[in-house]
Amino acid sequence: MKTLPSQVTAKSERTLCGMLAAFVAACLAFSVLPHAWGADLFWASNATTLPTAADSGTWVTGLDVGDQWSTATNALATLLWTNGNLAHFAGTAGGTVTLGTPITAAGITFAAGAGAYTINTNGNLLTIEGAGIVNNSTNTQTIFNNGIVNPTGSPAPAGSTEFLNASTAGNATIINDGDSAAVVGLAGGFTEFLNASTAGTATITNNGSAVTGGTGGFTEFLNTSTAASAKITNNGSAFAGGGSYTEFLDGASAGAATIINNGGTVAGAGGSTRFTGTATAGAATITNNGSNVAGAGGFTEFFNTATAGTSTITNNAGPVSGGGSGFTEFFNASTAGAATIVNNGGTTGGAGGFTQFFNASTAGTAIITNNGGGAAGSGSGFTQFYNTATASGATIINNAGIATGGASGFTDFVDTSTAGTATITNNGGSVNGAQGGLTEFAGAVEGVGGPTAGHASITNNGSSAGGAGGGATEFFTVATAGNAGITNNGSAASGGGGGLTQFNNASTAGSATIANNGSAA
Numbered sequence: 000m001k002t003l004p005s006q007v008t009a010k011s012e013r014t015l016c017g018m019l020a021a022f023v024a025a026c027l028a029f030s031v032l033p034h035a036w037g038a039d040l041f042w043a044s045n046a047t048t049l050p051t052a053a054d055s056g057t058w059v060t061g062l063d064v065g066d067q068w069s070t071a072t073n074a075l076a077t078l079l080w081t082n083g084n085l086a087h088f089a090g091t092a093g094g095t096v097t098l099g100t101p102i103t104a105a106g107i108t109f110a111a112g113a114g115a116y117t118i119n120t121n122g123n124l125l126t127i128e129g130a131g132i133v134n135n136s137t138n139t140q141t142i143f144n145n146g147i148v149n150p151t152g153s154p155a156p157a158g159s160t161e162f163l164n165a166s167t168a169g170n171a172t173i174i175n176d177g178d179s180a181a182v183v184g185l186a187g188g189f190t191e192f193l194n195a196s197t198a199g200t201a202t203i204t205n206n207g208s209a210v211t212g213g214t215g216g217f218t219e220f221l222n223t224s225t226a227a228s229a230k231i232t233n234n235g236s237a238f239a240g241g242g243s244y245t246e247f248l249d250g251a252s253a254g255a256a257t258i259i260n261n262g263g264t265v266a267g268a269g270g271s272t273r274f275t276g277t278a279t280a281g282a283a284t285i286t287n288n289g290s291n292v293a294g295a296g297g298f299t300e301f302f303n304t305a306t307a308g309t310s311t312i313t314n315n316a317g318p319v320s321g322g323g324s325g326f327t328e329f330f331n332a333s334t335a336g337a338a339t340i341v342n343n344g345g346t347t348g349g350a351g352g353f354t355q356f357f358n359a360s361t362a363g364t365a366i367i368t369n370n371g372g373g374a375a376g377s378g379s380g381f382t383q384f385y386n387t388a389t390a391s392g393a394t395i396i397n398n399a400g401i402a403t404g405g406a407s408g409f410t411d412f413v414d415t416s417t418a419g420t421a422t423i424t425n426n427g428g429s430v431n432g433a434q435g436g437l438t439e440f441a442g443a444v445e446g447v448g449g450p451t452a453g454h455a456s457i458t459n460n461g462s463s464a465g466g467a468g469g470g471a472t473e474f475f476t477v478a479t480a481g482n483a484g485i486t487n488n489g490s491a492a493s494g495g496g497g498g499l500t501q502f503n504n505a506s507t508a509g510s511a512t513i514a515n516n517g518s519a520a
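Residues in the sequence shown are numbered consecutively from 0, following numbering that gives the first Met the number 0.
For the record, the hints were derived by calculation from the structure and aren't laboratory data. The C-beta atom is built at its ideal place from N, Cα and C for all residues, glycine as well. Accuracy of the hints is not assured; some may be wrong.
Restraint-style ranges between C-beta atoms, simulated for each label pair [claimed, not checked]:
| hint | residue 1 | residue 2 | range |
| --- | --- | --- | --- |
| 1 | 111 | 211 | 42 to 48 Å |
| 2 | 364 | 509 | 22 to 28 Å |
| 3 | 444 | 303 | 19 to 25 Å |
Generate coordinates for the entire structure from the input sequences, incorporating the hints supplied.
Structural data, given as structure tokens:
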């Protein structure tokens with residue numbers, strides 16, 4: 000009997016600071032009254048000519064060196080910035096624009112000839128409404144939200160940006176920095192999308208905390224907002240709990256975004272993505288990367304009734320011997336939907352990527368592939384079902400190890416979980432000494448019973464090489480094959496292992512139908 004990997008504890012109970020930030024932002028979003036938008040104001044930089052309009056003017060005319068964007072009087076301005084105005088940036092000089100007060104803009108437009116600007120929120124809130132960010136230039140336009148800093152012993156707050164209504168981040172580059180000072184109840188730099196706003200094709204990077212007890216930078220999508228076609232990277236930290244993250248709440252969607260969760264350098268410090276409420280991963284492409292350290296991989300989690308939609312999720316193995324893998328977890332009544340999930344085996348001794356289902360979560364109609372290890376001693380990809388979770392109508396493929404001594408991809412059903420009506424294929428090895436794919440039903444809940452194969456269709460394929468193991472299904476303790484249909488196929492090579500079904504302890508075949516086919520060799 001395979002020793003089951005230890006159950007991974009959920010790491011994503013939202014921090015208090017994140018909850019407060021989301022609550023405050025939501026309150027602001029729904030308390031904003033309709034605007035009569037103000038003047039078109041120009042950050043002139045070195046521009047010599049500007050568009051003319053009856054209500055236009057410049058609120059800064061310097062070369063953007065040390066200039067602040069604020070509601071305070073500026074000696075170089077022809078008009079005072081008033082929240083609700085439309086911001087235009089012109090001139091080829093570009094530069095850094097630092098917020099001196101909280102700013103609300105009815106859109107930010109960069110002219111065709113505008114240089115590269117960086118808007119530093121500097122501990123303030125930048126609220127963007129209207130059309131959002133429009134970049135008519137060929138240069139990268141950046142928003143930087145600082146984490147908490149403590150240069151003089153008096154902590155300065157983190158900067159933040161929020162998009163309201165139907166505004167878009169356009170093709171902006173947004174950086175949410177982690178804390179460099181730890182302050183209880185305060186968060187790292189962050190960006191929030193509310194109402195029906197969208198991340199467009201933005202490039203968003205969330206960085207981990209640089210200090211013990213600090214919070215990583217983060218991005219949140221609330222209400223019916225969407226990540227659209229953005230590229231989002233959540234970086235890990237060198238401090239436990241300090242990894243950055245992206246969170247989808249309410250009915251928000253990841254759209255067609257590309258999301259990368261990178262590992263940290265200590266256990267519990269990986270970057271992450273979380274879906275709660277009725278949020279969906281949409282058609283996103285999500286990659287959870289491993290780490291050089293055990294337990295520090297990037298991860299994705301689903302809670303409540305959130306769904307993985309039609310997304311593609313890849314959980315990569317640890318890159319070095321002893322390294323931790325990327326992983327995906329489902330909790331509560333969440334579902335894998337119709338997602339494609341790949342759990343990759345290691346090639347250099349690292350742990351394999353994995354997916355786990357807890358509580359009453361379901362694999363839906365997802366296609367899940369668990370790949371075998373690519374070297375002796377490397378972990379394989381795997382999927383586990385705990386509690387009352389079900390594989391539902393999923394398609395699960397457990398592939399053999401791809402090298403001599405390579406571990407097989409496997410699926411485990413534990414507690415009173417069930418294979419539902421899933422289609423499960425355990426493939427035999429194609430290399431001498433490689434283990435075949437494996438499905439196990441093991442463990443039990445006292446007084447309740449054990450896991451069941453339900454009405455699943457299970458195929459154990461024989462190997463295609465001499466000395467390679469065949470695919471197998473094994474039952475332990477009081478597990479039952481239920482009403483499953485199980486087919487064991489023979490090996491296609493002389494000396495190769497055939498498909499196998501084995502019952503151990505007090506397990507039972509139940510009312511299952513089992514067919515044993517001969518070898519082709």
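Looking at the structure, which of the earlier hints fail to hold?
none
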